[in-house]
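Undergrad: Could you slot chain B onto chain A? The hints should help.
These protein sequences, in sequence, are chains A and B. Mind the numbering: the first sequence is residues 0 to 82 in numbering that gives the first Met the number 0, read in order. Mind the numbering: the second sequence is residues 0 to 253 in numbering that gives the first Met the number 0, read in order.
No incorrect hints appear here.
Covered stretches of chain A, as calculated for chain B (at least 3 residues, CB under 8 angstroms):
id: 1; stretch: 22-28
id: 2; stretch: 72-80
Mimicking DSS-like on lysine-lysine, the simulated pairs with C-alpha atoms at most 27 angstroms apart in a straight line are:
id: 3; chain 1: B; residue 1: Lys133; chain 2: B; residue 2: Lys180
id: 4; chain 1: B; residue 1: Lys83; chain 2: B; residue 2: Lys101
id: 5; chain 1: B; residue 1: Lys83; chain 2: B; residue 2: Lys133
id: 6; chain 1: B; residue 1: Lys237; chain 2: A; residue 2: Lys43
id: 7; chain 1: A; residue 1: Lys57; chain 2: B; residue 2: Lys237
id: 8; chain 1: B; residue 1: Lys48; chain 2: B; residue 2: Lys101
id: 9; chain 1: B; residue 1: Lys57; chain 2: B; residue 2: Lys83
id: 10; chain 1: B; residue 1: Lys101; chain 2: B; residue 2: Lys57
id: 11; chain 1: B; residue 1: Lys83; chain 2: B; residue 2: Lys180
id: 12; chain 1: B; residue 1: Lys133; chain 2: A; residue 2: Lys59
id: 13; chain 1: A; residue 1: Lys57; chain 2: B; residue 2: Lys216
id: 14; chain 1: A; residue 1: Lys57; chain 2: B; residue 2: Lys133
id: 15; chain 1: B; residue 1: Lys237; chain 2: B; residue 2: Lys216
id: 16; chain 1: B; residue 1: Lys48; chain 2: B; residue 2: Lys83
id: 17; chain 1: A; residue 1: Lys43; chain 2: A; residue 2: Lys59
Hints are computed from structural coordinates only; laboratory data are not their basis. Ideal Cβ positions, reconstructed from N, Cα and C, are used throughout, including at glycine.
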Amino acid sequence: MDTNSSSAQQPRANGMANLRYGVYNQPSNIAGKTVAEVRSQFSKIWGIPNDAVAYCGKDKMDENSVIQPGQNIEFHRRAGEKG
Amino acid sequence: MNNLDPKRFILVGAGGIGNWLAAGLVRLLEWKYPGSGLIIVDGDNYEEKNRERQEFIKLGNKAVVKATELVAHFPNTTIIPIPKWVVSDDFGGVASDENTPKITATQLIAENDVVFAVVDNFAARKIIFDAAAKLDNIDVFTGGNDDDLFGSIYHYQKRDGVEITAHPAEFHPEYNFPPDKNPGEMSCQDRAEIEGGTQLLATNMAVAAFILGRVQKTIVNNQISEETEIFFDLGLGKSEPYNRNNVNESLTVQ
Chain A
0 MDTNSSSAQQ PRANGMANLR YGVYNQPSNI AGKTVAEVRS QFSKIWGIPN
50 DAVAYCGKDK MDENSVIQPG QNIEFHRRAG EKG
Chain B
0 MNNLDPKRFI LVGAGGIGNW LAAGLVRLLE WKYPGSGLII VDGDNYEEKN
50 RERQEFIKLG NKAVVKATEL VAHFPNTTII PIPKWVVSDD FGGVASDENT
100 PKITATQLIA ENDVVFAVVD NFAARKIIFD AAAKLDNIDV FTGGNDDDLF
150 GSIYHYQKRD GVEITAHPAE FHPEYNFPPD KNPGEMSCQD RAEIEGGTQL
200 LATNMAVAAF ILGRVQKTIV NNQISEETEI FFDLGLGKSE PYNRNNVNES
250 LTVQ
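Isolated chain A (complex conformation) (with noise of 0.2 angstroms):
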């Protein structure tokens, strides 16, 4: 799976934040983009689904939230359930 988000199309951005879901953590040029366009740039490289609540902290993110420099966002992976 190709997890650079490079050759993805590129909304507005003026800063780098660093982006977490499940195994994945990269610094990423998302700062002045909403939730919701990390989201759909990053939902077919990470598979991070609709249902995915986005955190900064133990603050919740609504979709329309616009990431700042520096933040570390972290859409929450559903954890592994069977054993």
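TA: What follows is chain B alone, placed relative to chain A:
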């Protein structure tokens, strides 16, 4: 409690992950904490179809069979099987259904226990975490995997009534709204219809290994771990730790 004192480990689930975890936990107790107890809890039975991913010496209840196997080799550890399903406190019929023996989570776990919740559903894990949250000093490790090469583990810890790490439901809505059911709270017929899926041995073993690594760091070495939750993907060769601590990570557990 002195870190060198004997421990009481409670392993809930002796299946795909739990049977490998049991092998590691009993060795840890036998040589690091002689005189400790390992309680194995499972209401399910080993069946021939389980041999692809699980090791057992005979067919029968998982808790009883696994305890019987380990007792013969680890004389310094008291190993007790509880062949029951773990259910919530408010579940009706705990004593009335003789065909499905049950124990409530609060009957099972107590202060200073180290609990391993490696059942195959979020509903039962939630019951165990909620019971643990009522105690002042407790460690609960959980882990699970999908049908492929992805898995994750989580460590919930309380000391002196303070949640050192967050309750996993804070980060995982699947605990509050589980897509599954606790087999202990299903009918025998419904339980028999649960599909085992297509889990992989490697992923089951990896979950057990990651949990044992956390136990080594946080219980044996008595360190607060920044790696409260770990996601891994054996196919990608990646693992990623997440800090779910509520307290300053530089603190040391007393």
